[in-house]
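A.B. asks: Input sequences plus hints: build the corresponding full structure.
So the chains spell out like this:
Number of protein chains: 2
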Amino acid sequence: MDICEFQNMMRRLYFRKDSERGINGTYSWLMDEMKELGEALDANDKEAIENEFADVIAWLASLANVTSVDLEKAALNKYGGKCPKCRSSPCKCPF
Amino acid sequence: MDICEFQNMMRRLYFRKDSERGINGTYSWLMDEMKELGEALDANDKEAIENEFADVIAWLASLANVTSVDLEKAALNKYGGKCPKCRSSPCKCPF
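Protein chains in written order, with my numbering: chain Y, 1 to 95; chain A, 1 to 95.
Treat each hint with caution, since some may be false.
Any copy will do: because identical chains look the same in the list, a pair fits if it lies in one copy or spans two.
Unchecked claim - Within a straight-line C-alpha distance of at most 30 Å, the following computed BS3-like cross-link-like pairs (lysine-lysine) qualify:
id, residue 1, residue 2
1, 73, 17
2, 17, 82
3, 17, 85
4, 92, 82
5, 35, 17
6, 92, 78
7, 17, 92
Read the hints as simulated data drawn from the structure, not as lab findings.
C.D. replies: And the structure:
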């Protein structure tokens, strides 16, 4: 599924709630999901890890919806097949 | 671009570095990008916001690569057109 299509699906599912919650509330929820992903990684729990990856990309798409950002366009504008710093693929940055 | 294709592009660009950095290091970098997204949102800087959204989804894909998670599959397993809690579209959860 396209990143754009996933973001649109999240809009259909959650936009009313996301817009009522607002930018700060949605960012805060995304941060909570990030911490839960960290906990799942620490526990090395494969099912929980996949579940939390799903939640993080879902809440990231929700946050993009409430901030009117096209997530796919933003991603490809910066990472369009080359490293944005060294312009190589694979990346040849020295760090 | 498919979520899966984006993840593969990130693998081509960064997998060697990502795998050397490891799971904890890549998670830590993703968390830094999350904080930068929060700062860009606080500053209401549209260009910085788009830039940081790109970095967050890019580092999320890198973290999925080093943890051998198929990000698209994980996302669609949980959010396949319906809310995973109430099974409705749009979501009808009471909270």
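A.B. asks: Indicate, hint by hint, whether the structure satisfies it.
C.D. replies: Evaluated hints:
1. 73 x 17: Classified as both: same-chain Cα gap 24 Å, cross-chain 25 Å, threshold 30 Å.
2. 17 x 82: between (37 Å within a copy, 15 Å between copies)
3. 17 x 85: between (37 Å within a copy, 14 Å between copies)
4. 92 x 82: This pair counts as within: shortest intra-copy Cα distance 10 Å, inter-copy 42 Å.
5. 35 x 17: For residue 35 and residue 17, the Cα distance is within 30 Å both inside one copy (22 Å) and across copies (23 Å).
6. 92 x 78: Close inside one copy (16 Å), not across copies (36 Å); limit 30 Å.
7. 17 x 92: between (43 Å within a copy, 10 Å between copies)
Hint compliance for this structure: no hint is broken.
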